[in-house]
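Enquirer: Chain by chain, the residues:
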Amino acid sequence: DIQMTQSPSSLSASVGDRVTITCRASQSISSYLNWYQQKPGKAPKFLIYAASSLQSGVPSRFSGSGAGTDFTLTISSLQPEDFATYYCQQSYSIPYTFGQGTMLEIK
Amino acid sequence: QVQLQESGPGLVKPSGTLSLTCAVSGGSISSSDWWSWLRQPPGKGLEWIGQIYNTGSTNYNPSLKSRVTISVDKSKNQFSLNLNSVTAADTAVYYCARTSGNYWGAPFDYWGQGTLVTVSS
Chain A
24 DIQMTQSPSS LSASVGDRVT ITCRASQSIS SYLNWYQQKP GKAPKFLIYA ASSLQSGVPS
84 RFSGSGAGTD FTLTISSLQP EDFATYYCQQ SYSIPYTFGQ GTMLEIK
Chain B
2 QVQLQESGPG LVKPSGTLSL TCAVSGGSIS SSDWWSWLRQ PPGKGLEWIG QIYNTGSTNY
62 NPSLKSRVTI SVDKSKNQFS LNLNSVTAAD TAVYYCARTS GNYWGAPFDY WGQGTLVTVS
122 S
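The listed protein sequences correspond, in order, to chains A and B. Under the numbering used here, read the first sequence as residues 24 to 130, first letter to last. Under the numbering used here, read the second sequence as residues 2 to 122, first letter to last.
Just to be clear, a hint being listed does not mean it is correct.
[Said to hold, decoys possible] Interface residues of chain B toward chain A, partial, derived using beta-carbon atoms under 10 angstroms:
(1) GLY11
(2) SER37
(3) LYS45
(4) LEU47
(5) ASN60
(6) SER64
(7) THR70
(8) ASP74
(9) ALA98
(10) TRP105
(11) GLY106
(12) PRO108
(13) TYR111
(14) GLY115
(15) THR119
[Said to hold, decoys possible] Here are the simulated BS3-like pairs of lysine-lysine, each with C-alpha atoms no more than 30 angstroms apart in a straight line:
(16) A:LYS130 x B:LYS66
(17) B:LYS75 x A:LYS130
(18) A:LYS130 x B:LYS45
(19) B:LYS45 x A:LYS68
No lab work stands behind these hints, which were simulated from the structure alone. Only a predicted model underlies this, so the values are computations on that prediction, with no experimental measurement involved. We put the beta carbon where it would ideally sit given N, CA and C, even for glycine.
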């Protein structure tokens, strides 16, 4: 199985801040990396696919980058609705695996 | 817009079988897509359980493969999960989700709202 490791596990930030979340794969996954946002009691919401492609309707303050084993999710200017838990997921090989999550909290 | 809805018992006894169904609306389960089950134990991360194509072809997570069966019912536009020999470790919110079959490496783009299944006597 490909292990996905996110950092940090939690992050406190303020509205308007720029934040970056990192995801590392245990082996190369090319660009088969997706990002999800999950709010308490809700299903995950798909944000970014293929490492850097924004899903339709997702605000442009979200961006993704990376290839191979190292990836980042950046939120350029945090909005109140962005406080949530973020997961990366590799879709390179089965079994599909997720990072452990990064909880983004209000400072 | 594809919508998915999980249903099934919220409580299962230890050593029993967990059975859930995911009803698909706004789209056809016979389309060129894969249909997955995932789960999330309370306060923890996401785990992919397995997936099925409309032909009945399946892929399972090796960690659960010996206990899992996923099946499809095209006449009802739904697919199902059976997980046997459950223990408290199988307590989780179970989600169904879709992956486009049009390209390799597609994300889980549509999700059900999730259903909590508790394993307890």
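Enquirer: It remains to establish, for every hint, whether it holds in the given structure.
Expert: Here's how the hints hold up against the structure:
no.	hint	in the structure
1	GLY11	15 angstroms, violated
2	SER37	8 angstroms, holds
3	LYS45	8 angstroms, holds
4	LEU47	4 angstroms, holds
5	ASN60	5 angstroms, holds
6	SER64	7 angstroms, holds
7	THR70	16 angstroms, violated
8	ASP74	22 angstroms, violated
9	ALA98	8 angstroms, holds
10	TRP105	8 angstroms, holds
11	GLY106	4 angstroms, holds
12	PRO108	4 angstroms, holds
13	TYR111	8 angstroms, holds
14	GLY115	5 angstroms, holds
15	THR119	16 angstroms, violated
16	A:LYS130 x B:LYS66	42 angstroms, violated
17	B:LYS75 x A:LYS130	49 angstroms, violated
18	A:LYS130 x B:LYS45	22 angstroms, holds
19	B:LYS45 x A:LYS68	17 angstroms, holds
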